[in-house]
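Student: Oh and the sequence shown: position 179 is 179 in the numbering used here, straight run, nothing missing.
The hints are simulated quantities; they were obtained by calculation from the structure and are not laboratory data. If you're wondering where the values come from, they're calculated on a predicted model, not measured in any experiment. Fair warning: there could be bad hints in the mix.
Pairs of lysine-lysine residues, derived as DSS-like cross-links and limited to a Cα-Cα distance of at most 25 Å, are as follows [unchecked claim]: (1) 146 with 186; (2) 186 with 156; (3) 146 with 200; (4) 186 with 200; (5) 156 with 55; (6) 156 with 146.
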Amino acid sequence: MITLHKKRSRTRTAASSRTASSIVTADPRGGWLLTGCTGLVGRFLLLELLKQGQKVCVIARGRGPFSGADRVEAIIQFWERDCQQHLPRPHVIDGSLLQPGLGLDWAAIESLSGQYQNVMHCAASVRFDLDSAGIEPLASNIDGTKNLLEFAASIKCSHFHYVSTAYVCGVTEDLVLEQPAAATTKFRNPYEYSKAAAEKLVRDATSFGTKTIYRPSIVIGR
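Produce the entire structure from the sequences given, and follow the hints as far as they go.
Tutor: Right, dumping it as structure tokens:
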């Protein structure tokens, strides 16, 4: 079963928190594997998961002198100051969605097998034009989703949640229904195309008990 959620109204910070809370309480069984927690939506999801005391594993890349764990820790410390409460720490894996198996060795993958039932995939490139190499945002959004789907299946995850975008509707003045983008859809930019292509990968995946696609529109906040 696939549920498509699209949001046409502007989502502010408070709404982001409410949305995050409703997502992570939808199926609290068995812990969560989370990508994209350094982004705006992902950091709210991380907060809600930690506040609920759920078991969380975060996939995060290093940037510059900071490791993935350093970046996640900075976000958690921000939330602790903002919420004025101590938060538990997730298990952090310094992995890359651009590599098969997220770039992890066999032992690391085996240690995660059966530990997390839910996957929340928030990580994405949000650039609208192709980079100079003609790779991004296609590599992160399409290949990254493919690699995560295969990884999640290999560690026996049961429920896959994907944060897409309302703009997979492409160029249209028609009523947009909660259904997959048509094969004839025209897109304004590579970002829209890449998210529609990633949605198809999620829909076509056969290794999960449930798959849920979320389609926010414009998300703003801190």
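Student: Does the structure break any of the earlier hints, and which numbers would those be?
Tutor: Hint 2 alone not satisfied by this model.
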